Amino acid sequence: MLDWVSGYQRTWLVPDALAGVALWAVMVPESMAYAGIVGVPPIMGLYTIVPALLAYALFGTSRQLVVGPDTATGLISALTVGAVAAHGSVEFNSLTSTLAVLVGMLFLAFGIARMGWVASFIPTPVMRGFIEGLVYVTIIGQVPHLLGLGGASGHFFDKLWYVLQHLKDVSFAPAATGLLCLGAMLLLRHLAPRLPAALVVMAGATILIGLFGGEASGVHVAGHIPSGLPALAMPDLDPAILRELAPGALAIVLVGYAEALGAAKAASLQDGSDIDPNQELVAHGPANILTGLFGGFLVVGSLSKTSVAMAAGARSQIANLVAAVLCFLTLILLTPLFRNMPEPALAAIVIAAMLHLTKPAYLGSVLARSRWSFCMVLVVIAGELTLGVLQGIALGVILSILRLIEVASRPKGAVLGQLPGVEAYRDVRLHPDAITFPGLLIWRIGGDFIFASAGTIGTGLRAAVAAAPETRRVLLDFDSVDFLDVTGGDELLRLVRELHTRGIGVGLVRVRDTIREDLRRAGIVDEVGADNFYERTTDGVRAFVHQGAITSSATEARPR
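When you line the sequence shown up against the numbering used here, it's residues -18 to 541, in that order.
Treat the hints as calculated values from the structure; they're not laboratory data.
Check before you lean on any hint, since a few could be wrong.
Unchecked claim - Across the chosen pairs, the derived CB separations fall in these ranges:
| # | residue 1 | residue 2 | range |
| --- | --- | --- | --- |
| 1 | A342 | E72 | 19 to 29 Å |
| 2 | S346 | G504 | 15 to 25 Å |
| 3 | G510 | R95 | 38 to 48 Å |
| 4 | S134 | L315 | 32 to 42 Å |
| 5 | M(-18) | L411 | 17 to 27 Å |
| 6 | R95 | G185 | 16 to 26 Å |
| 7 | S288 | L172 | 31 to 41 Å |
| 8 | A157 | L314 | 24 to 34 Å |
| 9 | R95 | L314 | 37 to 47 Å |
| 10 | R483 | A342 | 54 to 64 Å |
| 11 | S346 | F464 | 28 to 38 Å |
Unchecked claim - Straight-line C-alpha distance at most 25 Å; calculated SDA-like pairs for lysine to any residue:
| # | residue 1 | residue 2 |
| --- | --- | --- |
| 12 | K149 | L169 |
| 13 | K246 | M86 |
| 14 | K393 | A375 |
| 15 | K340 | E196 |
| 16 | K393 | K340 |
| 17 | K393 | L383 |
| 18 | K140 | S152 |
| 19 | K393 | G420 |
| 20 | K246 | A405 |
| 21 | K140 | L167 |
| 22 | K149 | E196 |
| 23 | K393 | D(-16) |
| 24 | K149 | A173 |
| 25 | K246 | D257 |
| 26 | K340 | L284 |
| 27 | K140 | R407 |
| 28 | K140 | D(-16) |
This structure is a prediction, so every number in the text was calculated from the model and none was measured.
By construction, the Cβ of each residue, glycine as well, lies at the ideal position given by its N, Cα and C atoms.
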């Protein structure tokens, strides 16, 4: 907080205050609606907001990022706690808060350990596929509440079959309430995008249902929602319980951090601020620990809520502090107004939010750019729909790691030639006009020389030499080599000695200083000779041409 407070300008105060009001108008109804995704009472959504906003304002590095309830991590929370306790029970609510504390501790530990790089293991296509699948899973989970039916369990197709089987049991009042609220949400977003549609719809539906007698109208309502501050809720630290919650907590940290970092970076592009990925992990620690201790559920940085703040003119975290104060006053003074809040309206808010998240056009662009990435997207979606949310994202991460291993183990070596008129060397297969030099083979290694790639690199070099039997010298282009391990060093030494045995000289070009030191330790510098290292490929080519000219002159001058 000290970083941005020192540069705060008075002219930002009014935009920040107005943005705080806009955030309050969005976060109050959404937090109560998202409580349904997490599987806890609506009041726990209100308990969640205030400590999360305050904690991130103190410790976060983004001026505009908003933390709060989230669909993806909320659903993972429900599934994780649901495997330990029954939905709707006091134990379920308590363990949901315990999970938030555990998530916060993991966030804090990863931040202190400077492990901000972990989010890179979820590629954008996998994350996009996860969100698309999550949209379908969340919507089908909310449809029974939208229509006034009882909840269903199981995967996507189980819930879909349940809805289809019970359509005949749908009552007019709850179905009409839910569908009208959903239509109003979509219409307001289209006609008045700056209007807090969730607050307008929830307020309107609550007033109408109250006029029709509340629960007596045939629509299930929230009922009594307690006012005042929540009691301090100590987490359940039973080791057996924590072990059962740990896998879900790790998944939440990985998914939630990837979402939060993406939102923070998007905001930084607008205000020009710097984002510290490791400090973002640290900031999410107390945000979740405090929400858990005060009876709430987990939070992460939200792109949708951050977009609301940015659109409303937020300049700093003052907007979040204003929203936190207003949410605090709502918790203290306004909860009796939510007594007649209809459950179908909350389901409509969630479904409208989900429809806003889906981006089918992006899937089309992924297909056009990479079939492999598109297949990963489909696998993640199919995994979520048939196996479960955690299983779907796990499949995506595993496939991504396998793809990473494949790419790392198969560097794309290439024979290089000089482009006409310039000192640039390119793959002769892609540039047929590139000039090659008789007797000289310029070969680009194409990637790191490590245990996984050493065999592929050796095979590729031997094949290139075999295809050019007149080769008298090989120049190895090391520009793409950033890492050389012991296995790579041993394989390279073996290759150099093999070429020397066949009377073929070896030179190395564009070798980084750290790699050259590794080559020295492996004995390659001594084997190749220090004078056969060149800063530029052109230098190596000139040395070969010059040596050839000297050899030709010596041959011509030799007595016959």
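message: Check the structure against each numbered hint from earlier and tell me which ones fail, lowest number first.
response: 1, 2, 5, 6, 7, 12, 14, 15, 16, 20, 23, 24, 27, 28
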